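So the chains spell out like this:
Protein chains: 2
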Amino acid sequence: MGNATNIVWHDSKVTKEDRQILKKHKSAAVWFTGLSGSGKSTLTVAVEKELHQLGVHTYRLDGDNIRFGLNKDLGFSPEDRAENIRRIGEVAKLMVDAGLITLTAFISPYQKDRDKAREIIGEAEFIEVYVKCSLETCENRDPKGLYKKARAGEIKEFTGIDAPYEEPVNPELIIDTEKLSLAESVQTVIHYLLEKGFIPKTN
Amino acid sequence: MGNATNIVWHDSKVTKEDRQILKKHKSAAVWFTGLSGSGKSTLTVAVEKELHQLGVHTYRLDGDNIRFGLNKDLGFSPEDRAENIRRIGEVAKLMVDAGLITLTAFISPYQKDRDKAREIIGEAEFIEVYVKCSLETCENRDPKGLYKKARAGEIKEFTGIDAPYEEPVNPELIIDTEKLSLAESVQTVIHYLLEKGFIPKTN
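Read top to bottom, the protein sequences are chains A and B. Using full-length UniProt numbering, read the first sequence as starting at 1 and increasing by one per residue. Using full-length UniProt numbering, read the second sequence as starting at 1 and increasing by one per residue.
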């Protein structure tokens, strides 16, 4: 495999741009951050559904497919949370390179870790979405009963209770789930992707 | 975000099958294994090129985008090699879930680690390709000068020199790069994907 033909082939790798052309849209990491119960998971599922119906090639990273797989060796200490977010950032970067609109739904409580993800993925293709909701409302919703367990001391280092959540300093989008309906929230994200040219207006 | 509409949306997540329908082909991890210099990288680049020209949605994982990113914290001890391959297996699984024909080009010298990747990804979507080439030929090719450095003791734990390579026990495909041209090697892989129905015969 050492002839001239190889070299030509090896030099013309399929690039991110090639993959985007095939998919007929740009790629990006849409990084949802917020407290447990803020609505990140519901929102990313609904945004992916809407994008898919528009013919957009997507992937969604969340606790279900990351915490039980790639990051099953990690806990919830600040160090492990940092490594958790670093790896998710690296995987999201690969997904963006693959040409996909990649949605991530993780609490990602530390600004430093989110900034690291932004650095890994690159400013131009990183969209930080703050899924805003008061701790009180999140705790009232408590869809998985986790706040109750955290208050009872059954879960340690739970964000908002005995671990901090640092609000995004300068996110690309803020979605206030105490004020917007799910449909409105979805449309806010879709509108941003259209306006910024990540997805075409006539798909 | 607690009304009936949410629940419907949340229940109807975009699935792997939905993504495959959009892409008009199945997904799989095509796992190339072989010595340094056997031709894995050249072959996967060329296979991806061919698939892309057929309109197939692909992604390629290799040392360039993994060892300097996700796995930059790992070395070359047997433990680190196992963790390296585990993480690549987990990422490939996500890529397959995203609907992509995913090509991986790593020495992946231990059968146990490759079996672990197979287990993570799932038998039905894992295609182990042994890129076969004698150590002597690989060392003569030495495209990156690594064998020379390993022989001089400048690189430790180098597969084939002072670290073992375990030949695949029962790979789906064997590509002997001492006998086949690059074009023939590519066609062998494409033919397999067509015959097994991963990509459609008329795309």
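Since the hints were made in silico from the structure, they are not lab data. Keep in mind the model is a prediction, meaning the values are calculated, not measured. Check the hints yourself; a few may be wrong.
Intra- or inter-copy, both count: the list cannot distinguish identical chains.
As a list, the in silico DSSO-like pairs of lysine-lysine whose alpha-carbon atoms are at most 27 Å apart [what the hints assert, rightly or not]:
| id | residue 1 | residue 2 |
| --- | --- | --- |
| 1 | 23 | 144 |
| 2 | 49 | 149 |
| 3 | 156 | 196 |
| 4 | 49 | 13 |
| 5 | 148 | 201 |
| 6 | 49 | 179 |
| 7 | 144 | 13 |
| 8 | 201 | 13 |
So, going through the hints one by one against the coordinates:
1. Taking CA atoms no more than 27 Å apart as the test, residue 23 paired with residue 144 passes in neither setting, with 36 Å inside one copy and 34 Å between copies.
2. Within a single copy, residue 49 and residue 149 get their C-alpha atoms no closer than 32 Å, and across copies no closer than 52 Å, so neither meets the 27 Å cut-off.
3. In this assembly of identical chains, residue 156 and residue 196 lie within 27 Å of each other by CA distance neither inside one copy nor across copies; the values are 40 Å within and 49 Å between.
4. Proximity of residue 49 to residue 13 under the C-alpha cut-off of 27 Å is restricted to the inter-copy arrangement: shortest distance 7 Å between copies versus 31 Å within a copy.
5. In the homo-oligomer, the alpha carbons of residue 148 and residue 201 never lie at most 27 Å apart, since the shortest distance is 44 Å inside one protomer and 55 Å across protomers.
6. Proximity of residue 49 and residue 179 under a CA criterion of 27 Å is satisfied intra-copy only: 22 Å inside one chain copy versus 48 Å between copies.
7. Taking CA atoms no more than 27 Å apart as the test, residue 144 paired with residue 13 passes between copies only; the shortest distance there is 18 Å, against 45 Å inside one copy.
8. Taking CA atoms no more than 27 Å apart as the test, residue 201 paired with residue 13 passes between copies only; the shortest distance there is 24 Å, against 29 Å inside one copy.
The structure fails to meet hints 1, 2, 3, 5 from the earlier list, while all remaining hints are met.
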